[in-house]
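Trainee: Order-wise, the sequence lines are chains G and S. Residue 1 is where the first sequence starts when you use the numbering used here, and the numbers rise one by one after that. Residue 1 is where the second sequence starts when you use the numbering used here, and the numbers rise one by one after that.
Be aware that a few hints might be false.
Claimed, not checked - Straight-line alpha carbon distances no greater than 27 angstroms define the calculated BS3-like cross-link-like pairs of lysine-lysine that follow:
{"id": "1", "chain 1": "S", "residue 1": "K147", "chain 2": "G", "residue 2": "K122"}
{"id": "2", "chain 1": "S", "residue 1": "K18", "chain 2": "G", "residue 2": "K191"}
{"id": "3", "chain 1": "G", "residue 1": "K124", "chain 2": "S", "residue 2": "K147"}
Hints are computed from structural coordinates only; laboratory data are not their basis.
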Amino acid sequence: MFKMHLYKGGIYRHDEFIEAIEDLGGIVMQKTPMQTEVDIVFAIPEYDMDYLKKIIKKLKGELIDIPFGDMEIAIVAPSLSRHHLPHPVCDMSEFLRRYGSTTNIVGLARGYGKTIFQISDKEKRIVSEHDAAIFSFGMFEECILLKEKELKGLTLPYVLCGGPGKIENVSNYVGNLGRKSGRMRGPEEIKTLEEVKNLLLEMVDDVREEIGKDPLIFPPVYVKRAIEQQWDLSGSLGDNPVVLHLDGLRIKKPFDEYHERISKTKVGEYELGKISTLKKSNMNDTIILTLKTKSEVGEGP
Amino acid sequence: MEVEVRGGTREENESLRKLTEEIFKDSGLAKKQSKVLIVVDIGIPAFYVGIKFKKDVEPIKVGDIASIREQSGKTKLQINEERYYDQVIEKLGTFYGKENVEQSERNIIYINSTDENVRDIVIYDLTEEIRERTIDVLWSILPEGFKVRHFKHFEDGFILVSTDIPQIREFYNVIEDIQKEFGGSWDV
Numbered sequence: 001m002f003k004m005h006l007y008k009g010g011i012y013r014h015d016e017f018i019e020a021i022e023d024l025g026g027i028v029m030q031k032t033p034m035q036t037e038v039d040i041v042f043a044i045p046e047y048d049m050d051y052l053k054k055i056i057k058k059l060k061g062e063l064i065d066i067p068f069g070d071m072e073i074a075i076v077a078p079s080l081s082r083h084h085l086p087h088p089v090c091d092m093s094e095f096l097r098r099y100g101s102t103t104n105i106v107g108l109a110r111g112y113g114k115t116i117f118q119i120s121d122k123e124k125r126i127v128s129e130h131d132a133a134i135f136s137f138g139m140f141e142e143c144i145l146l147k148e149k150e151l152k153g154l155t156l157p158y159v160l161c162g163g164p165g166k167i168e169n170v171s172n173y174v175g176n177l178g179r180k181s182g183r184m185r186g187p188e189e190i191k192t193l194e195e196v197k198n199l200l201l202e203m204v205d206d207v208r209e210e211i212g213k214d215p216l217i218f219p220p221v222y223v224k225r226a227i228e229q230q231w232d233l234s235g236s237l238g239d240n241p242v243v244l245h246l247d248g249l250r251i252k253k254p255f256d257e258y259h260e261r262i263s264k265t266k267v268g269e270y271e272l273g274k275i276s277t278l279k280k281s282n283m284n285d286t287i288i289l290t291l292k293t294k295s296e297v298g299e300g301p
Numbered sequence: 001m002e003v004e005v006r007g008g009t010r011e012e013n014e015s016l017r018k019l020t021e022e023i024f025k026d027s028g029l030a031k032k033q034s035k036v037l038i039v040v041d042i043g044i045p046a047f048y049v050g051i052k053f054k055k056d057v058e059p060i061k062v063g064d065i066a067s068i069r070e071q072s073g074k075t076k077l078q079i080n081e082e083r084y085y086d087q088v089i090e091k092l093g094t095f096y097g098k099e100n101v102e103q104s105e106r107n108i109i110y111i112n113s114t115d116e117n118v119r120d121i122v123i124y125d126l127t128e129e130i131r132e133r134t135i136d137v138l139w140s141i142l143p144e145g146f147k148v149r150h151f152k153h154f155e156d157g158f159i160l161v162s163t164d165i166p167q168i169r170e171f172y173n174v175i176e177d178i179q180k181e182f183g184g185s186w187d188v
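Isolated chain G (complex conformation) (with noise of 0.2 angstroms):
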């Protein structure tokens, strides 16, 4: 399986890297050169890692996982009102992005109030549609069990966050993450988002491990890669046009106009929309593109 990592290190010589990613059948995702520096978002498969790390340590560079960059996560605010942002949840996306991921901050339309709370069939479904969750919901135990209990459809991975520092029974909880009225940089806070991430980190990995006993035809990478190559999708929405995600991508283009296209990309032998299923979103008009598994496409685990 691939996995996702960031190369930090000198200009000099790192076309040198890049020919190895290349050569091990990894994917550059992303570069930045920035004056001397560059940083290089890449793909590669785990068990090619030892090599590169000596190529790494020759060229004197860094190399950091970011264990979330194939997935695009939610942070769900109870509103989008001051209340709520932009602390905790601004915080939250921030912390995530660091280690890769690409966050949506969604803001329920009536997620407040303990009698009047509600999380509507859409608004699920919006959630859905990313490969993980972390839920913000405010400061009083009683309020958050009550909207816990509507959470109960989902079947992604999720994490609830609120102020009191333990919850009993419910294991996918992180406290100290109330409301809040500065920036969370203190040594204590950043703790406590790191907590967020590893209880987030335990949990995908479960999902990943499934998806590896019936793996996908082509892994999500690979796809993106075939996509951009053969299909100008430039002037599209944010500087990341295709978003991946763990059995898939985000196709940030128009349902209508771009979903015919986008299924007939060849990918290796096959035509991506007999290897995928592609649908509108129900966040905005772009494609999410849902990958088949080895098994359903006939090939077998």
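Mind docking chain S on chain G? Use the hints.
Mentor: This is chain S only, laid out in the frame that chain G set:
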């Protein structure tokens, strides 16, 4: 400023107390309150807030910012605080009529009559401004969905109940308890 939170667990009270203190400090209002009491009843759910302003938060009167003396049947005011020039002229104009108020120099005003009560005219009611700003700050402290709100004001503070259900008798009982604790004259 003393902030006290009751009703939740020790941890919940402490985090709400910290949040309240921080928001008041950020808004610059922390030095204007002597006590902030928040009573949480998460079962109903309802939040009761009692605010008591500090004693120095009092209305500014003409006598506080000007030297006043009589001069040949007129009253001469020498205003010592530049930021209140506009308000003084406006207020005096309202009280004595614009034709009876004359500004001879930048900081000197004559009134065409003698009136001992001129020094008691309120130029700027800081209490009202503090009251308004405090209420505004409270909206970012109290939970967002709690939009059913009921106030009881008194001279140097107020009590507020905020909830997301229709009002019930219980609210008034708690308000009365807080009132007893705070003291003060009511419905100003």
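Trainee: Identify every previously stated hint that the structure contradicts and give their numbers, smallest first.
Mentor: Of the numbered hints, all hold.
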